[in-house]
Every structure is written in C-alpha cells, then in structure tokens.
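*Asks:* So the chains spell out like this:
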Amino acid sequence: MDALMEPTLYTIKGMCILDNDGNRILAKYYDKNVFPTVKEQRAYEKNLFNKTHRADAEIIMLDGLTCVYKSNVDLFFYVMGSTQENELILLSVLNCLYDTIAMILKKNVEKRAVLENLDIVMLAFDEICDGGIILDADPSSVMKRVDLRNDDIPIGEQTVAQVLQSAKEQLKWSLLK
Amino acid sequence: MSSFKRDNKEEDDGGNPWQNLEKTSVLQETRMFNETPVNARKCTHILTKILYLLNQGEVLGTREATECFFAMTKLFQSKDVVMRRMVYLGIKELSPIADDVIIVTSSLTKDMTGKEDLYRAPAIRALCSITDSTMLQAVERYMKQCIVDRNAPVSSGALVSSLHLASTAGEVVKRWANEAQEALNSDNIMVQYHGLGLLYHIRKADRLALTKLVYKLTHQNLRSPYATCFLIRIACKIMEEEDASGNAIEESPLFNFVECSLRNKSEMVVYEAAHAMVNLKRTKPRELSTAVSILQLFCGSSKATLRFAAVRTMNKVAMLHPPAVNVCNLDLEGLIADSNRSVATLAITTLLKTGAESSVER
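One line per chain: the protein sequences are A and B, in this order. By the count of this note's numbering, the first sequence reaches residue 177 at its end, each step adding exactly one. By the count of this note's numbering, the second sequence reaches residue 1362 at its end, each step adding exactly one.
Pulled out of the complex, with its shape left as it was, chain B reads as follows:
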C-alpha cells in the first residue's frame, strides 16, 4: 500500500504539465491573443505551449501556421518583456511555414531601432528570419547601424543575422565590409568573433584582401579566444593553399603566429593551435614535438574533454609520424583504463600504431 502511494506521488512530482497538449485545442486558445487589453501572463503561457509543440516535432499546416502567426501579431500591443521575446521566438519558428510573414516587418523594424535594448537584439534576429534580398535593401541602413552599435548583443545579433542572410542576399551583405571591420575592433569577445566571421565570408573570394587581413590580425593579439581559433583556421587554409600552389615561403609569419598561439592563455586556443600544427604539412619534426608535448600535458587533465581532444589529435599524428608520439607512450598507457570509453579506445588505437605490443598488454 505504501509503495502504491509513493508511486502516485512520484508521478505527481515528475508530471510534465505540457505533456498532454492537443494541437487543435492549443491553436484555438490563440483566440485569446485578440483580447484587449492583452493578458500577458496567459498569452505567454499559450505561446510557450505552441513553441513546445513545435519543439516536440508537431507539424503545423500552412493555414494553421498562418492563422497562428497573424494572431500573434496582435500581441505587439503589449509591452510585457517576456511575452515580446516569446513572440520573436514564435515569429522565427513559424516564418518558414506561414504565409505573408512580412506583415510584421514594420513592428520589428520599430523594435530594432527603438530605445529598449532588450528588444533590439532579438528583434534584429527575428527580422532577418523573415527578410529576403529585396526587402533587405529597405532595412540595409538600419542593419549597418546595428552592426556598429555599442551594445554588444545588438552588434552580435546583426552580424550573425548578416551571415545567415549572406547565402541568399550575398550581394547586399558584401557592402557591409566596413561595418564588419569596425566590429572587429570591439572590446566584446563575441562581437569580435562574429565580426571576423562575417568579414571572412565577405573577403574569402578575394585572395589578396584576405591575406592582407589575416597578416594584419596576426600582429594584433585578438582578445577573443573564439576569434583567435577562427583566425588560426583561416591562416592554416591560406598556408595550405600556398603549399599546394608551390610558392610557399619557408619562414611564414602565419606559421609563426600559429606556433605563438601555443602559448596563448586560453586552453581553447592552445589546443586549436596544436591541432593545426599537427595537421599542417609544412610542420617540421622539431615544431611537431612542441605541439605534441602540449598535447601530452592535456593527457593529464581532469577534464575528460581535454583528454579526449589530446588523444584524438595524437592518434592523427601517430598515423603520419609514429616516432613523434613515442615520447607520450607512458601517458597513453595511463589512459587505457580511462573512465571515458572514447578516450580509452583512442589511447589503445594510438598505442597500437606507436608502441610495441608490450605496452598495450601492460
């Protein structure tokens, strides 16, 4: 009897209040959106239900989605912050399915140029999800302003949205290189990262401009570890292309930059650099051993992810240059019994390439 009671209680505790939602009845509830004044709390709850259903994989037909979308536009009357944010989310989720979504353009443009910073960044991202290349020209002026905005989320939001749009409206986005360049100087690490991402996208077809940009940035010490990782990748790509075309310079400043990044204070960057050096064809044995010794240090980390990253990269080195990894055999042996199975497996396969049988048996 007592166990029955407990079961019952457990069910109550773990009960999912969103579980038994029915699509049609939730869509009916959106009628509530038409009421004035808007009951923000109830409407937020209904919006959450809709988003939850979509997230669980429920499919809405075009008509259902369109009706829901239009009902949602009524909610712009209210100033409730959480609800407004949920409306933006709803717009993003429904815009691929619903018709005539451009109806909210003016509301979103108003929010994105308004005073409330909490609205501006997400409004930009929502706006760009409903915009196509022709409409983009109408908001181009605002986009440029937002990219160089002092508020970091606004700037990041605009940069990331521009990148999304670059696949459909590449020509328009290409004109924003100056703004992206300015974002690159931002103190905010994410803005710098997104600025570099957009600028790379704009410049990547132009070899000369890209090389110039990368050479300049390698001297600049980017604050953002994310941006630095990205820069390492671009530098590697340029070096590989130089190697492939046969006019490689022996002592490339780009290679020096990657090597210097091994001493960066961010673990993320150090690993990215070590990984890059291992994969570059031009890396000489001496340089390779520096990179490997860094990876060796990571093998003893308490973070499983770091150990995994290190062994995975060593595994790659072992395929090409088994002797370079020999020095780490002891560390690798220690990882055979690692609590993470992926780490253990990688350690064994790496040892099979470098060590003698005896080390695996031990």
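This is chain A alone, in the form it adopts within the complex:
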C-alpha cells in the first residue's frame, strides 16, 4: 500500500553520471539496503545503461527503482528513487543536477568538460543531495554555492581579448539568471 508508506525526507536512492560507454564518471548512492557494495552499484549502472542509452525516454522502472534520466552528447545523467516516490520530485532533482552542471560548464555539457571541472561537479552533487535528502533543487542557488573558482590569471596579465571575453560571459550569465 502506497498510502501507508512512512513519510520520509529520504527521497533519493542514487545519482550518477555515466559516459557513452556506460562507464562511471561520478556516482553517489545513498541507501545501503539497495546497494550494499560497489559491485551491486556497478551491476545496476551497467543494466541501466544498456536499457537507456538508445531510447531517449526520460524515465524507466528498473529493478524496483524509478529512474529518471537525461543525456547530452556523450553523457548520461541519472537520478534514482523508490518506485513509490513522486516521479516529479525526482525529475526536479534531475533537472537541477543537469542545469547546474550546464551552468558550471558554460553550456558545454560533455565528458571532457565534466572531467576538467570534476571538483566543482563533485561539490554540486554534494549541494543537491545530502545522504538521500534533497538539499536544494534550484540550479541558480546551487550554482552560487559551488562555482567559487576565480580566474587564475591576474587581470594585468590577461590580453585585452581575454578580459573582454570574460566580461561578455559574465554579462551573459547575469542576464540569463
């Protein structure tokens, strides 16, 4: 019975990013009962990837979990929850994960860019979900807390073109927010 399920904030069972061979780029699992060891996680990822990498279908039920997903170029984003869970809540988390990463990478959502900014992507994971509880699902507010990089080259040593470029970027993003 759905209705008698104990209300809980522990909504997310796992989140992961896989590449287009199904290899794990980053993954977090929050329920020791569902995924006791890395072996089960890997097996699930493999299964999930096989079922989803062709069909761009947004949602799938697999092995007793509801999984919403999204892909771009060479990346697959997944958010998993119990089958009893409100699918739209899971979707809001997936959208937040994807949009945050798209903002961090300045729209180049692809494997190479994720790997180059792995530290920031890890922080984004941490700010979206804490131990299975949704911490924040608003991409711009997550973004504010994770994108803390300051450009390394001091302003005096940048070329005029670089300064213009970064100013343009900043203007663009402040308008988009």
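The hints are simulated quantities; they were obtained by calculation from the structure and are not laboratory data. Just so you know, not all the hints are guaranteed correct.
What the hints assert, rightly or not - Computed list of lysine-lysine pairs in PhoX-like fashion (alpha-carbon distance at most 20 Å, straight line):
no.	chain 1	residue 1	chain 2	residue 2
1	A	K144	B	K1216
2	A	K144	B	K1115
3	B	K1216	B	K1237
4	A	K144	A	K172
5	A	K32	B	K1303
6	A	K70	B	K1079
Following the hints, complete the assembly by docking chain B onto the known chain A.
*Replies:* Okay, now just chain B, sitting in the frame of chain A:
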C-alpha cells in the same frame, strides 16, 4: 591512414585525465599537504584525485584512510574556498573509514560559527558526519542557532544533519523541536521542507501533537511544494490510521486539504494529491473521478515523466475501480504507441483491466 589519425585524435579528446590513477602514488602525493604555505591549486587537484578514486569504488584500509585524513587536516591553514570545500567533502568520505576523526571538530566548529557563509553550511554537514551523541551535546548550542539562522543553506544544512543524527542521537535532537518549528515559517522553500521533515520526525511518536501540527499546517498554505507533498503524505497516514481504528470522521478537514491540493499551482503537488486520493480507502467515487480527470490531463503532457506518473497511478485505480478509469480509455489508447516503453506497457496493462479487447487491438 587518415582514419588512423582520427582515431588517435579521438582518443586524445575523450581521454580521461583521471583514468590511470594509482592508489598508492596518489596517497604519497598527500605529503604535499604538509608544505607551508599551502599550494591550494595543487592540493585541490590531489584531493580531487582521492575523491575520484573513492568514487570509483577504490577501497582504502583504515591506516591509509587515517593517514590521508590527518594529512588533510593540515589544509585548514589555507583560506582557499574551493580547497576548503573539497576538504569538507574529504572529511565526509573518509570519516566512516578513518580513526580519530574527531580531531577536526574544533576546526569545523570554528568554520560553522565563523563569518564566511560559504563555509558555514558545508562545515555543519561535515561536522555532523563525524559527531556522535556524546559529542553532539557539546555543539548543541551551535546547532540550535544554525537551525534558526537567516541564511537558508545554513539552516537547511543544520536541519538535514539533525535528521541524519536523529537515528543515533534521537534524544538530543528531540530537544530541537522549537527551532524546527521556527524553520517551518521560513520564506525559503527548502528550509520549510526540511523543517517539516525534522518536526515530523520528532513528533511522529506523539499522535496528538502530530495531528495538531498537521491540522494547523493544512490551513496555512505552505509556500514550498516539497513541504506540501510531504504534508499530504502525513495527512494520508493520519487518515489511514483513523480509518483503521474505526473512528473516522466522515468529513475530515484533512481530506478536504488533500482535495484542495488538486488545485495547487505546482504540478508536483497536484500529482501527489491525485495519487494520494486514489490510494485512500475513504475516497468516494465522485472524488475519485476528480482525481482521475486530473490524471487524464497529465496523459497528454509533453513530459514523459508526467505521462508515466499518470498512467502508473491509473493502473492502480484500474485494479480497484475499473469503471473509474473507463472515461480515460481513449487517452490510454493514445499512449500505447508512446515513445517511452514503460508508459506504453503501463497503458496496455491498464487497458486490459478496463477496456474491451477491441480497444487494445485498435
């Protein structure tokens, strides 16, 4: 020849800079953490490597983890924001494996009570990952302050951490009900959600207090859709218990609240309410048809997730009350050829329960 060249280039492009990391050599690199002044950029890179290895499933022994953990504590000298955040992540990842992790308590307490908001929220969460019930009493005062902090991430961080701690230090956390109650009035949607979550956890053993809380909140129009979904679930649980004990009130205000939520402006809440009404035993046919007509609207959505959610719930209705779903047969037929296979499968099984064979064949 040209294809060979391209292959080569592709490999360069898709190359994973983290791929060939070796555990022992990465752990050796942590020696760098002892250097003063700290080279934030290099150390962040090494921290990322460690976290990446752990994320890939690499297992560290207790000694390795402890050494790494202690090396990491040296990094508190530097003020680099990204590195500090990575240190917090490292603390959380290593604290279950390493020994004597309480050594960072004072550093974290300092960060959590300091001025820098960017440190405070994640410091609280890291602190709670190394704290046990005895130590929690030492930081209890700070936790209470953080729960009612004006900065939303700080407040959310404290509330969520309290919930995690409630399983091991339930008695201490129970004393924070007043603070959780205050968080419930927050303008921030996540703080409100986490506040309700914690308050429910504290009150759930006390039937009377819980019922009172829920009755009060149903009149209040929570801003947060997440909190509203959660409230619907609590309301349903209370109603089911009332039904089971036999003293159900015909016209329950809780049921009215769920029904009103069908007109909420958030899709998430509307679906939660429809789903709840379908599952409640007390729902009468007239009310059921309202819920079903909402689901029917969702069937035409462009979002696969919404169509999936709707058909899955209809499938459940069809098991108990096939006639209620009959009105949607046409919509369901439209979903048989849905691009999402799960949606199509659910539509077919639902039709098998409600419609005649002819509708599936069509």
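*Asks:* Next, verify each hint and record whether it holds.
*Replies:* How the hints compare with the structure:
1. A:K144 with B:K1216: At roughly 35 Å apart (the allowed maximum being 20 Å), K1216 (chain B) and K144 (chain A) break the hint.
2. A:K144 with B:K1115: Since the Cα atoms of K144 (chain A) and K1115 (chain B) sit roughly 17 Å apart, the hinted pair holds (cutoff 20 Å).
3. B:K1216 with B:K1237: Within the cut-off at roughly 16 Å; holds.
4. A:K144 with A:K172: holds, 16 Å
5. A:K32 with B:K1303: Violated - the C-alpha atoms of K1303 (chain B) and K32 (chain A) are around 31 Å apart, more than 20 Å.
6. A:K70 with B:K1079: violated, 37 Å
Violated hints for the displayed structure, listed by number in ascending order: 1, 5 and 6.
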